[in-house]
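Hints in hand, dock the two standalone chains.
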Amino acid sequence: MLGAFMNDASRTSTLERQVGRILTTGIVASSVCLAVGLVLALAGREVATATLLKAGTGILLATPAARVVAAAIDYLRQRDWLFGGLVLVVLAELLASLFAAVG
Amino acid sequence: MLVVGAAAGSVGALFGIGGGVFLVPILNVAFGIPLRNAAAISLTTVVATSSSVAAGRIGTQLINLRLAMVLEVATVAGGLTGGLTAHLFSESSLQRTFGIVALAAAAGVGSRVNRRNVILDSTIDVGRLGGRFHEDESGGEIAYRVIRLPLALVASFVAGTISSLLGVGGGVVKVPALNAWCGVPLRAAAATSAFMIGVTATSGAIIYFGRGDLAPLMAAPVVLGVQLGSRAGLRLAERLPARWLKLSLSIVLVAVAATMFVRSF
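In order, the protein sequences belong to chains A and B. Here the numbering used here is used: the first residue of the first sequence is 1, the next is one more, and so on. Here the numbering used here is used: the first residue of the second sequence is 1001, the next is one more, and so on.
Here chain B stands alone, though its shape is the one from the complex (with noise of 0.2 Å):
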């Protein structure tokens, strides 16, 4: 369990999104713990992953705090539904879920391989939302605008509704949004969903542990693990160019898909 955690953990934080759209599969096929559980299980980590990687990155400017205060509003109102609709859906059902939003995430980051949100003019108005940061990949000061809120608001809450759900972070559908449609560059939004996600995991994680449907035994060893993977992760994401990152997130959500869809029938 404390490997499996390892793995997932660190392939989690190269993409900024946690790890548990690779852990749920695992607990869930691998090891045969129905989703639900495996879900809980998960968002126990998610939590742990989120609180351990916004304290090494806060302050170095990618954390949008204010952003994800606002954003936090829409995701954990989410996270409270699914949360508390977990019970209603069929096992299979969660699986199909699950495929269809690991395709739509691939889909998502895979569009947007060639095209950066980075506006290199420090000097411009970002607005109350918008932020800036330094990146040695463009080898310099990055500002950038937040346009489209409305838009996500709605993808914060549907990606708490399913981050409660099926025990993943959120990030595979918070990442591609804020970066295809809202303008914030790829770093800075896996930066912030990171953050964001252990409020949302919160609230779903919550109410699974007091309706007796995640065991500390199992969680323990997982919650482990993933923090230990989650550090090697941070450090190889920041040697990576943000396409090939792109890419192969892309690549990697289309495998995690296929799984439970085949898994779900």
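Extracted from the complex, chain A is given alone in its bound form (with noise of 0.2 Å):
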């Protein structure tokens, strides 16, 4: 029981660094784009600034996702089936949001 308990535990937290690591990779890479893309911008440097900016906020969006995806990969890996596939259910909503969104 006491076993049990400590195996959740240490494996939730194996988790939560995980998606910890993501998420500050994510929002440090993301704010770079976006912080020299308005320098860039106030530089009148048009066409880096678009890019840059795009993909600041494309790494922004990306995030989220990305965790989702490593709690995906977790769950099933620790044939967690139940909330391994509640988790793939959200992935599939995130997709379906993309295909909307270029459809």
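Everything labelled a hint here was simulated from the structure, so no lab data went into it. All C-beta atoms in this analysis are idealised placements derived from N, C-alpha and C, irrespective of residue type, glycine included. Please note that a few of the clues may not be correct.
Result set (SDA-like, lysine to any residue): computed pairs, CA atoms no more than 20 Å apart in a straight line [as the list claims (entries may be wrong)]:
1) K54(A) with V1154(B)
2) K54(A) with N1037(B)
3) K54(A) with A1215(B)
4) K54(A) with M1001(B)
Label-pair restraints from in silico Cβ distances [to be verified]:
5) L95(A) with A1215(B): 20 to 28 Å
6) L76(A) with E1141(B): 27 to 35 Å
7) P1241(B) with G103(A): 45 to 53 Å
8) A35(A) with V1254(B): 47 to 55 Å
9) R77(A) with V1262(B): 50 to 58 Å
Following this line, the structure appears as structure tokens:
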């Protein structure tokens, strides 16, 4: 009983650490793109600005999706089918909005 | 735009609701940006705030990862629905909806000012979705069980729809619902909601972005401002008592609601 609890707790914290890393990386990368893009906008570099701002926005929106993917992999690897399935549904919903956006 | 973002971000983080509920009215009323575009900008900042707040809080036990995963199924479905139907609503009906949502949230939070969902006996069984965390204000380990899960799912779906439609995080619906109906302490409800909001807002923001309703040049300074502001807000929130947070949040929400109603006529 105690062993099962400990196992559960340590697994969650592994996933938590991974989610934390993904979020931090995404937020730093997108902020740098957006900040540099804005500076270039003030300098009048239109093409570079547009590219960087688009990249920054893209990375920003991809970050939460990436942590959903990480959670799906983790739960499925642990054979936690209930939570793995739930996270896959979330992922499918995100893909649906991507299709709605480009369609 | 940077300053506006910083102000909205700090106040939003203070209450754990992302700042959209303040940002959208400012962009819409003070800057004259149509509500749909204001919502798109705001949703982008919501994604950023959620990611940075969650990255900072992960490991503190305040974010209930399992509860978040369950509720995300409903909240992202709502986000998709809101994003797909946003163009069907007129500017004034969106503004009125915004006002109603803010008022409802104010009532929800206001009615709970003197009640707390904490069980100080940390040895209880919290169930599959419950959680525990350490809180200085109560001076110990706090444990809670999640009750009325279906209600939490419905609230999450509604929150997701409203999030996409109005550009708010949806925490304004989820936090009061989780706190008042589902047994989750305010701080855990706010942290878990802030974590979920990133995925919810992404589903809406992708749709706005793809349809050209999101201007990156306008969104970028606001996004950066919100991030700077939310850090300050978070630090302040930890020092303030829960009762004060609830009381001031409901007052601010009433003011937001009044502004949007006046604007819609």
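Evaluated hints:
no.: 1; hint: K54(A) with V1154(B); verdict: 34 Å, violated
no.: 2; hint: K54(A) with N1037(B); verdict: 16 Å, holds
no.: 3; hint: K54(A) with A1215(B); verdict: 9 Å, holds
no.: 4; hint: K54(A) with M1001(B); verdict: 18 Å, holds
no.: 5; hint: L95(A) with A1215(B): 20 to 28 Å; verdict: 25 Å, holds
no.: 6; hint: L76(A) with E1141(B): 27 to 35 Å; verdict: 32 Å, holds
no.: 7; hint: P1241(B) with G103(A): 45 to 53 Å; verdict: 49 Å, holds
no.: 8; hint: A35(A) with V1254(B): 47 to 55 Å; verdict: 36 Å, violated
no.: 9; hint: R77(A) with V1262(B): 50 to 58 Å; verdict: 54 Å, holds
Of the numbered hints listed earlier, those contradicted by the structure are 1, 8.
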